[in-house]
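Given the structure of chain A, go ahead and fit chain B onto it with the hints provided.
Chains A and B supply the protein sequences, listed in that same order. The first sequence: position 19 = 19 (UniProt numbering), numbered continuously. The second sequence: position 205 = 205 (UniProt numbering), numbered continuously.
Just so you know, these hints were derived from the structure itself, not from any lab. None of the values given here were measured: they were computed from a predicted structure. Just so it is clear, CB atoms sit at the ideal spot from N, CA and C, and this is done for glycine as well. Incorrect hints may appear among the rest.
[What the hints assert, rightly or not] In silico BS3-like cross-links for lysine-lysine, where the CA-CA straight-line distance does not exceed 30 Å:
#, chain 1, residue 1, chain 2, residue 2
1, B, Lys207, A, Lys103
2, A, Lys212, B, Lys43
3, B, Lys29, B, Lys205
4, A, Lys46, A, Lys117
[Stated by the list, open to error] Which chain A residues face chain B? A few, computed with CB under 7 Å, are given here:
#, residue
5, Ala29
6, Lys31
7, Asn90
8, Met132
9, Tyr164
[Stated by the list, open to error] Restraint ranges, calculated between C-beta atoms of paired labels, are given here:
#, chain 1, residue 1, chain 2, residue 2, range
10, A, Leu122, B, Val129, 13 to 23 Å
11, A, Leu184, B, Asp202, 53 to 63 Å
12, B, Asn33, A, Lys185, 54 to 64 Å
13, B, Lys104, A, Phe17, 44 to 54 Å
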Amino acid sequence: MSNRSATAGYDRHITVFSTEGRLFQVEYAFKAISNAGLTSVGVRGKDSVVIATQKKVPDKLIDASTVTHVFQITPLIGCVMTGLDPDGRNQVMRARSEAAEFKYKYGYDITPDLLAKRMANLNQVCTQKAFMRPLGVSMILIGWDDERGPQLFKTDPAGYFAGYRATAAGAKHQEAFNYLEKKLKGDEQLSTDDTVELAIGTLSSVLAANFKAQDLEVAIVTKDNPKFRVLTVEEIDAELTRIAERD
Amino acid sequence: MTSIGTGYDLSVSTYSPDGRVFQVEYAQKAVDNSGTAVGLRVKDGVVLAVEKIKHSRLLVPHANRRIMTASKHIGVATAGWISDTRHLVKRVRDEARDYRSTYKVEIPAKIIAERMGMYAQAYTLYSAVRPFGVSTIIGTVDADGPQLYMIEPSGQYVGYRGCAAGKGKQVAKTEIEKLNLDQMTAREAIKEAARIIYAAHDDSKDKLFELELSWVCAESNGLHVHVPQDLFDEAIQHAERSLNDDDDDDEMEGDDE
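Excised from the complex, chain A in its bound form (with noise of 0.2 Å):
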């Protein structure tokens, strides 16, 4: 019964509620998230918060240092996209200017609770105009707050946006979200080295793949060295091989 209202055309419009007060575009933007195929998770420790993604090259000639869905966006803020890789980069582009923007106007740098809140409004915007589409990713973004600490957020086409211990987006989030329940059961405040291993762990197990260095991307934000950094293929393998010896 519900499939009658989505042909009666309410789905194509993003300003109108089908009968129910589903917004279908919404819906169908979030299905494109799945569809590009990759999976990306984070993870928020006591002193450290780790963002990771498959680095899946699908054709030899491409130029694999030009792939990349993790992204800076302040010194002390990345994020991982998720999704269509275009609206990916928009969404990029615009974080990084909000920020400048906020640094400009305030003078202090953007925490991420607030650059994630903008964006998730932004998102929203586009579920209220009738001559947009909503992007197709969703943004886990993560951050040092000196207040606050290691600080993990994700955002989404709706325009909903949350802070998390752990999270994830992509083909298999759901199957990561449930991975991540079992490990995260407590209160537990990780330690850097037993969050790298459990972003990359939840990737291993979900994916079901042994991963080699090339085939990741990881991102990292520690209260030692609270700058933004991606790691680089030696230090993902020696992450990788410590994961391997303590099995």
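The following block gives chain B in isolation, referenced to the frame of chain A:
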């Protein structure tokens, strides 16, 4: 799954129920129906080649160029609608000029690729406009060496060592993968690019075509120019010879260079 949009494909600001933006996919089809364009990034430069399909014998040879130059050292080859190409190349030129005016150095390849990617993506957001029906191949030599990027109608762009777009894309890519691009020189690449275009050209569909070849390398003094006539003729000879030799792909005709 059928790729017919049926109702979800009328505007670019609409997702289909399975999360696809059909207008962008259709724009990609416009590219797939046009003449092949190829880019090769080699040791000392970048070579661009285009299969310019002519619809009439009355067209002046070597006129109506499809490979265009921006800012003297950036080459732009496209597959898709030529009118959209002109719009995009104008944008490349404006971006390059503004960058140089602001920063006093030539725009790096990575930045121009990003700007064009963002520009193309912007046209996939609003129902008032349509996406560009063009895949843009940008080749240049900057401070990081030879660079090759391809920007698709969706705004997606990646750096390549070799890329192809258009009708003969599959054939071209298969041929490119066989090449040892990192060791090749621009001079050798010109001949390979010509050969690949000839191989990708389907004579049964479009009889009349003209090859366009350009390069950016030390020999061209870092400028993006159409390949000099003598090298161009050599390349065509090489290409025609390869076509006539039984379609065998493993020929390394090292006779000239």
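To see whether the hints hold, each was checked on the structure:
1. Of the supplied pair hints, the one linking B/Lys207 and A/Lys103 is violated, its CA atoms being roughly 60 Å apart against a limit of 30 Å.
2. Annotation: proposed proximity of A/Lys212 to B/Lys43 holds, straight-line Cα distance about 28 Å (limit 30 Å).
3. This hinted pair checks out: B/Lys29 and B/Lys205 have alpha carbons roughly 17 Å apart, not beyond 30 Å.
4. Taking the CA atoms of A/Lys46 and A/Lys117, the gap is near 23 Å; set against the 30 Å cutoff, the hint holds.
5. Residue-level restraint check for A/Ala29 holds (minimum Cβ-Cβ distance to chain B is 6 Å; threshold 7 Å).
6. Checking A/Lys31 against chain B: minimum C-beta separation of about 3 Å stays under 7 Å; hint holds.
7. At about 6 Å, the closest approach between the beta carbon of A/Asn90 and any beta carbon in chain B falls short of 7 Å, and the interface hint on this residue holds.
8. A hinted interface residue such as A/Met132 counts as satisfied when its beta carbon comes closer than 7 Å to some beta carbon of chain B; here the least separation is about 6 Å, so the hint holds.
9. Given hint, A/Tyr164 at the interface with chain B, is violated; its Cβ is 23 Å from that chain's nearest Cβ, farther than 7 Å.
10. For the pair A/Leu122 and B/Val129, the supplied restraint of 13 to 23 Å holds, since their beta-carbon distance comes to about 20 Å.
11. In this structure the hint that A/Leu184 and B/Asp202 lie 53 to 63 Å apart at CB holds, the actual value being about 57 Å.
12. In this structure the hint that B/Asn33 and A/Lys185 lie 54 to 64 Å apart at CB holds, the actual value being about 56 Å.
13. Evaluation of the 44 to 54 Å hint for B/Lys104 and A/Phe17 yields a pass: the beta carbon distance comes to about 53 Å.
In summary, the numbered hints that this structure violates are 1, 9.
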